[in-house]
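Protein chains in written order, with the working numbering: chain A, 1 to 631; chain B, 632 to 957.
Quick caveat, the hints were computed from the structure, so don't treat them as lab data.
Note that the Cβ used here is the ideal one computed from N, Cα and C, for glycine as well.
Just to be clear, a hint being listed does not mean it is correct.
[To be verified] Derived list of chain B stretches under chain A, where covered just means 3 residues or more per stretch with a C-beta under 8 Å from a C-beta of chain A:
#, segment
1, 733-744
2, 778-791
3, 935-944
[Said to hold, decoys possible] Partial chain B-side listing against chain A, Cβ under 8 Å, derived:
#, residue
4, W641
5, V669
6, L721
7, G807
8, F829
9, A835
10, N929
11, Q947
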Amino acid sequence: MTPTASEQHAYADVDALRQTWSSKPSLLGWLSSVNHQEIGRRYILTAFIFLLIGGIEALLMRLQLAKPENTFLSAGHYNQIFTLHGTTMMFLFAVPVMEGMGIYLVPLMVGTRNVAFPRLNAFGYWMYLAGGLFLYGCAFFNMIPDAGWFAYPPLSGPQFSPGKGVDVWAQMITFTEVSALCVAVELIVTILKMRAPGMSLNRMPMFCWSMLVQSFMIIFAMPAVMIASTVFLLNDRTIGTHFVNPAEGGDPLLYQHVFWFFGHPEVYIIFLPALGMVSSILETHTRRQIFGYPALVLSLAGNGFIAFGLWVHHMFATGLPEIGEAYFTAASMMIAITSGVQIFCWLATLWSGRLRLTTAVHFVFGFIFIFVMGGMTGVILASIPLDLQAHDTFFVVAHFHYVLIGGALFPLFAGFHYWFPKFTGRMMDERLGKLSFWILFIGFNLTFFPMHWLGMLGMTRRVYTYIPGLGWENANLAATSGAFVILCGGLIFIANALRSRGSGERAENDPWEASTLEWEAESPPAPYNFPNLPVITSRAPLWTPASERGIVIGLRENRREILITEVLGTEPHHRSVQPAPSLWPLLTALGFSIGLTGSIFGFSWYYVASVLGMIGLVGWFWPERPLEVDP
Amino acid sequence: MNQTMSQSMWHTSGSNAAHIQGLALFFGLLLGTIFVIVVGIALLSLGRRHRGIRQEPLEGSHKPSARTEAKLRTAVSIATGITLLILFGLTIVSVSVGKVVSASIAPAGSLIIEVTGTQWWWKIRYTSDDPSRILQTANEIHIPVGQPIAIRGNSIDVIHSFWVPSLQGKRDLIPGRPTLEWLQAARPGEYRGQCAEFCGLQHAHMAFWVIAEPPAQFDAWLNHQLEPVAEPTDEDTKRGQQIFLRSACVLCHAIRGTDAAAEVGPDLTHFGSRKTIAAGTLLNTKGNLAGWIADPQNIKPGTHMATVPIQPAEMQPLIDYLESLQ
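Can you build the whole structure from these sequences, using the hints too?
Here it is in structure tokens:
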């Protein structure tokens, strides 16, 4: 008789599994952990701390702009703060937090025990942490970037930004992009080669699809920003190359092209995982399979492709040839089609489902409202004549906060409430959750809606102050007060998370009666995720009775064995042994960090980075003693 | 600053800004309607939820009937089709307006004005085939109503962006890469503009004015500006001129008709006729000018205008002299 999911504990030695897959409960064990849950949690927590820092920076800016000719911040401080705000939110919050969700959830969703390359995973986190510490550590030595998160030369070049601030910015990109590339590689391999038997591509959860597309986008986009920030800018600044410095015959527009070839996909890198979250949450809470699965998957992939063809709409004002610009208008409009299809599919799901109005669903509705509005202003910005007026004004500030907060942060909060029981084993408080939603929603619109108007009244971006008499006073004051409403909402959210973690209602394995595999694991999951790896027979495995679902038996429990399956049909292919926890990823990251930090002061530090990094990698890949096992 | 001042893209003068305004209204109304419909459908689905609760038990998953799914498929397909058509239409409309508005070839008969951005003010140069009719000035552009104006953009340091919302969209000023846009004022008026590309410490205080005048008035202005300044007549301004010429002012500024001919800072010939000082930061009054000269870093922190030590007793004649340069 075939063993089924309903009797899986009979086939597993849970104690042996726990012994094999746990990290040691010591400081050293903590530092050498390669468990995807622990590392995913670290990503999410660290990213939320950076969200808080970036949020405080936003509040400082709003205070400065509350009234005309305000002297709360000096011009220099304001420029540093808006640079840090953008950099922090993009590189240290938005991308890493989505990566963290992916690292935590994807192995659970595809039914395996860990990500594909556990040590690389640990290394990626340490590089990310080092990048964040590097940026803010240097701030204490007054090496603060102030040329914007985009750092256009020649303003960011050696002549107009003396000092080390911009070097710090450019090298911080290297840290975070190495980290993002590590995660992308892991997730792609995890998703393609480690899915549970039966989970053919057409049965994969939407969130995994979104992470798969996002990871491929990272692999194509991130090298571009490293070329812009490190190869072009940092080399121009530190060793006198002439890539983008017009004083030396370089071309500043080349930088813009390469930067936005990364910069526009970056937005989709941030918000594709959020779309996957929305699909997951809606499927569970409408209690029907998501409507239009193939259309949603194709739209995600379409978004991923088209996102690389839009970058010039950030450069319409630079006077490029009109025919070329018209192409980018058309491409920018096209992305509204794939985004529209997803919205329509969600509406159809809502329409035909039996909706449960939890906090998570509140945030999803907030997402639909805000994101659709951001999409509409996005269509406006795709039009060249309109963009020539709106570009670099507060209209654009409003637009991308609608898209990024509405499109990514609200779904992230929805996902946070939704998966919190899985992360912690406790439910989040629904009443506080809904209260925080309404305050955040109202505060958000109060802050950012007036900015559309400000932009049309001629208020340009990145100004530390403005003169009275242009009709900008009231809208600015409204935006500033809205920022404090957001702060209140955020504090309630944090209080709710902390309180629920300590004393929330205990969560069962599957408190929402969801459809996907992560809810079959314990809450919080055991270090091995599943006693026996699942076999699935449908797109919504948990809505199939456990007695009708198979399990995988025959993996060793006394070493870290996982099952590798075929890409398309997931036929089991072979067993693979994963490396044990190790301190070497941390040490390697430390070596590279020392070298990269030093390199902004002198080229010879690259040698240090190479040597330290090489030592780290030798330790990392040192062969382990083979496990003595019975044949 | 006066109360009627505006930098709004809704306060248009001239065909380009008016075209863009019309396009904006069209986009805004259409997209606004779509937004209301989409959010409306989402909210209506909440109403269906309650019906569902009455009809069915809450537990477990459910599968809508094949008929419902087919209907939804049709609805989603139609919605996608409509989206496609709307976006196609918007692209066509947008590109055809763009052909007129953002053309980088100015119409024949344009007056060509070179605008050079520099941290944090605007160098303005009226070109002409006749060298004696080339005019160099700063931060204030007078244009004749009804005549197309070609703005040839350039920069000598970082990237700036030239933007007068009432007249035209923006165009970047990029070092080493000349750009061009054209604009035309339909009505006389004073239109405020501002740098739109982040250009460093005082990006916020890099404004300028475009003053559109009837052609006759413009010609008179141009002819007057082309002339060197007159010799000071009274004792006070004579003394002011001496102070100016022997102080560090002359290391950066030019006043045609005197020995001052440096090109680092704004040309001060006919300075007294300008509306503002420090690139739109302050109204051009004697009090503001005294404050600006005495402590430029206080008014515009980081400005490249040097703090030139002027004795208190010398300040009044110096200001009187500068303001007399009408």
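Practice item. For the hint on B/V669, just tell me whether its beta-carbon gets within less than 8 Å of chain A. Key: Holds. Min distance 5 Å.
**Study point:** Interface hint outcome for B/G807 [beta carbon to chain A under 8 Å]
**Key:** Check passed: Cβ of B/G807 comes within 4 Å of chain A, closer than 8 Å.
Exercise for review: Under 8 Å, Cβ to Cβ, is where B/Q947 needs to be relative to chain A, so tell me if that hint holds or is violated.
Suggested key: It is violated, given that the least Cβ distance between B/Q947 and chain A is near 27 Å, above 8 Å.
Exercise for review: Mind checking the CB of B/N929 against every CB in chain A and telling me if the closest is under 8 Å?
Suggested key: Violated, because the Cβ-Cβ distance from B/N929 to chain A comes to roughly 11 Å (cut-off 8 Å).
Point to revise | Coverage claim, chain A over the segment 935-944 of chain B, checked by counting residues with Cβ within 8 Å (three needed) | key: violated (count 0)
Check your understanding: Holds or violated: is there a CB of chain A closer than 8 Å to the CB of B/F829?
Key -> holds (4 Å)
Point to revise | Interface hint for B/L721, Cβ within 8 Å of any Cβ on chain A | key: Because about 6 Å separates B/L721 from the closest Cβ in chain A, which is inside the 8 Å limit, the hint holds.
Exercise for review: Tell me if B/W641 is really an interface residue toward chain A, meaning its C-beta lies closer than 8 Å to one of theirs.
Suggested key: holds (6 Å)
Exercise for review: Would you check chain A against the segment 733-744 of chain B, counting CB to CB pairs closer than 8 Å, and say if three or more residues qualify?
Suggested key: Holds, because 3 residues of the segment 733-744 of chain B bring their Cβ atoms closer than 8 Å to Cβ atoms of chain A.
Practice item. Report holds or violated for chain A covering the segment 778-791 of chain B, Cβ cut-off 8 Å, minimum 3 residues. Key: holds (count 4)
**Study point:** Interface restraint verdict for B/A835 against chain A (beta-carbon cut-off 8 Å)
**Key:** holds (4 Å)
Going down the numbered hints, you'll see the structure goes against 3, 10, 11, while the others check out.
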